[in-house]
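Enquirer: Read off the chains here:
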Amino acid sequence: MKFFNKKLMAVIFLSIIAGVSAGFGFDFSELENAVSEHTLKNGLRVIVMERHDAPVVSLITYANVGGANDPKEYTGLAHMFEHMAFKGTEKVGTTDLKNELKAMKIEDSIFYELRAERKKGDQADSARLALLEAEFDKAIEHARSFVVPNAFDHILETEGGVGINAGTGMDQTIYLVSLPSNRLELWMAMESERFYKPVLREMYRERNVIAEERLQTLENSPFGRTLDEIKAAAFLAHPYGVSIVGHMSDIKNYTRDAARAYYEKYYVPSNMIVSIVGNVDPREVFRLAEKYWGRLPYKPKPDELATVEPEQNGERRVELEDPAQPLFAACYHIPSFTDKDWPAVQALTDYLGQGRTSLLYKNLVKEKKIAADVGAFAGYPGNKYPTLALVYAIPAAGHNNDECEEQVFAEIEKMQKELLPVEEVEKIKARAKASFINGLNSNMGLAMQLATFENKYGDWRELFKQLNRINTVTPEDIQRVAQKYFVKKNRTVAKLNTI
Amino acid sequence: MKRIFITVLVGAAFLVLLNLPALSQDIEKIKFPPLNPLQIPQVEKVTLENGLNLYLLEDKSLPIFRVNARINAGTYLDPPAKVGLAEICGTVMRTGGTEKWTGDEIDEMLEGVGGSVETSIDLDMGSASVNVLSEYTDMGLEILAEILQRPVFNEDKIELAKVQERTGISRRNDDIGELARREFKKLIYGPESPYARHTEYATVKAIERADLVNFHKTYFCPDNVQMAIWGDFNKDEIITRIKQYFGTWPKGNVTVPPLPEVTYNWRNKVYYAEKADARQSYIRMGHLGGKVTDKDYTDRIVMNSILGEGFGSRLTNNVRTKLGLAYSTGGRLISEFGYPGYFFALASTNPGSTVKAVREMITQIKTMHTDLPTEEEMKKGKDGYLNSFVFNFDSKGEVLGRMMTYDYYGLPEDFLQKEKEGVEKVTPEAVMAAAKNNLRPDEMVILVVGNQAQFDEPLESLGLGPIEKIDITIPAPKEEKELVINDETLARGNELLMAAVKAHGGVDGFKKIKSTRIKGTYTIITPNGGFPLSFEEYKVFPDRMYLLLTVMGRKMYDITNGDKGWKSDQTGSLVEKTADDLSKDKQDLARNLIYIFRQCDKPDYRPVYEGVEEVEGEKIEYITLVKENGDKICRLGLNADSYQLYSSSYWGETPMGEGIINNIYADFKKIGNVTLPTNINVYLEKQKVVEQSFTEYVVNIDIPASTFEKPL
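Chains as they are written, first to last, in my numbering: chain A, 1 to 499; chain B, 1001 to 1712.
No wet-lab data here; the hints were simulated from the structure. In this text the structure is predicted, and so the values were computed from the model without any measurement. Just so you know, even glycine gets a beta-carbon here, dropped at the ideal spot from N, CA and C. One thing to keep in mind: the hints can contain errors.
To be verified - Rough simulated footprint, nothing fancy, chain B against chain A, three-plus residues with beta-carbon under 8 angstroms:
| # | stretch |
| --- | --- |
| 1 | 148-155 |
| 2 | 363-376 |
| 3 | 391-405 |
| 4 | 419-433 |
| 5 | 441-453 |
Could you build all of it, start to finish, from the sequences and the hints given here?
Expert: So this is what it looks like as structure tokens:
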């Protein structure tokens, strides 16, 4: 066991921390000193922060896998697997595991036949297709007869669990819950079990839930469709160009074997982080982690993506048609979260398009009244790899995309030519600091940030240097990144035109 | 050989041992260690000379400064004719600005530091909060002090708050679950009771700036405020600061009227509210409940869980899981601090099993009197509560908020701790006794909202006497002045109307119009700007109409073909028009300018002259068109010099709510042989809510009859 208790090391780090915090009014060393970490033999990293205010604990499993890792033909699989993780384990969620597994096998084999027939397209035998579909429905219902619905959530809830949730991004998949702190072992057992021996029950039914989710968030939303197409045009090589929810035809073709292969490659302990904040003793956490999470066999950490998006050679344009509302959007390639330019790019997009005091809001919405709404943000659709900054405007009544385009680009050009006043930059920093610090104001917020920084920087300690990064941004930095990234050659423009 | 054998054996045994825990991890066998004791934070209570009560808690773990103030006032204090007063006061205190800054300036200051200051007034308390980084403590405190002590109640922001309130009124029947909750509370407390009543157009309209100023002046005084302050500060220093900003706030010595008593009329009666377009029936049943200070309060916590909270409760197990009658069901006896709560059980169900579900719900409530809770039920009843109990203490704001509430109601500081100890001791017998003392399944009011044509059985078959129908129509406000109808006003009205028709091309031109086609944009104006939608409208007079509006990529239809019609509902699905819809179509036709003008020589209405008013520098003559029975159709405004149409107003619906609609006409163009407006600005009271502009307006074209059929 390789314990590394931050408390013991406090003296060594004290000088460094003091240096970082000097001049910014707040000393994070007390928080930082409450963190311990431990890596299991199978590679799982466990981070614990002691916070003893109340006998509660927030627990996160952070898997370093997301939409960007989806295999071809199975886009959206990361998201699908997240749904499947709530369907229980071999012990939780079934009335009869043996017969359930048999019923699932039947589901699988009928689906393969059905899929093969469907792939014949026009040549498919319609009678056989109808027969297979009826059989498939029957098999699904049969498998379902062994299911105890919501069993996994229900146990956590009865034991006092709150905020049971999960989320899939391009870069990661996160599972979270808060429990009374003496339920630590229960969580260790249940959480490790679902990633140790996932059963993938109710998989074929769940595909419909996901198809519906795609309809709601993407296909029926003009905004969602525009964002989807702008990133598809911006990325030629990198998988950030494909949506997290996946293509509809892929969703309908998911198989249990594909999900299992995916799980076996990415849900390996060396690719996961457990982050725990609350009223717990780190030694006890590590002991229980060894006992339960230690069951997961070692497997090598899957390689990070090698694909690098080539430099863009000139502006790209996308046009979409919609009967309703016009929309203008533009995006620029920017570096990743850990790049030294990140805080300045964040500051730029904040100043440009966040809130009612932003440049675009004041100019396009309040003064010229040509837009109903505007916005800008950095880090779409992910930020572990080089990504995009996005700017958009919804034209106001009687105004159009072209007018908005002209004004948005004029404002960006201004930021390239003129230095921002120092007091404006101070406001941007104050907002960034407030949002960062409010994000740390709960056990769950802290657990999330620790896991994120451990994953993206490879070291959770970087979290406590974030304020420093925000604070060192200068007007010159903002101008420099405006000139470097927010240029015509590096942008993709999308227009949703009314027909 | 032997040596190797042993090594292999040891190795195998080792592997088996290693694998053992992997093969059998039974979560039921996990023993939970005792929970660490709760550390209740040390809160310092200080009262300033002017009576302001402070609750201070230092917490230097993060550079954050937070305030939560509790003001002893509430919407229960609204005069009956001005319901909504306190709520609007709470909103405009913040948005309307102060003597020192406008509301927009406050927005700007707070956005500059990533902070927030908010105010609101609810049923039995007012709240004000601050959230800033501790380096902006002074800014946060000063803004709060200004807002609490010196709000100016800017007229524009009052109007904005009223528009939002009216929007809420016009949409209050859209969510049927919410409708059922609201009407059920009125059955419990009485429709006029402060615990159940709600705003109406008339009560919102009656609220004036002076009322808000008065309300604020009466109740917002330091001796009527408790203020919890926590975060990164030094206690002594922060007291000095607070004195600086709040020390000169004069004491009010106000006697706040107590929460009113409830007189309850015990009865067993079924009520029905018709919602013809409901896809589910919403059922609520129950009666008056109790207070948290009642002796058997903790027994009721366990009783609630067993009867109706979540998986494993009697209602869920039987009404939902076993019989499959309801999509959702549950129930509990609500206990309040200052007044009696109420008991309810609810379900939403397929209309075809409405009465069956009602019967089963009553049966399940009755089992609480007869069937002693099982061991499993007792465990379920206590576990959820006891296990998540600690989350009552995981946020400082929550701990402080509770402390202020307990102080206010004179409850002991350890009230919650005692509650938990009470729950731990509850026995099955105590649950049954609590059910017998508190639940009266034979004396419940039962409310069903839905479409009774689709019910499995008539509600009368429940055998609880005649069904009382509840009218959920949203009442329009009363008129300010009475219309004077006599020979003189009728003659002048007719004279003006004829002049107007002439000014727009003459009656013959209008009579020739058989059909119209209009295309253009329909822009909804929100506080954030306009959202343009494109529309296409076909009309064949008198009773065929087709409107297609495209909203966020979805086609929304509104079609009338004589006595039939179809429209898209909120989800975009096509539904048949109800009798109510069709009668609204008739009202629309009666207000149609072409329809009015073409029959002016032999009208089915009477034009009544009202008088002349000066509007934005122009003289406008007003006539109101009334039906034979005296019902108003609309009020037309005409330019006194040219007789060109200026406006048309009536009571009606807009996307931003219901109210007096005023259409202001512009961009008059020659259409066929007549002149008509091609731009309409629609105002709801004083607020512009819609702009319609026509890009195409043609008359007498051939419109295929299939246009007015149900679209595929």
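Enquirer: Which earlier hints turn out false for this structure, listed by number in ascending order?
Expert: none
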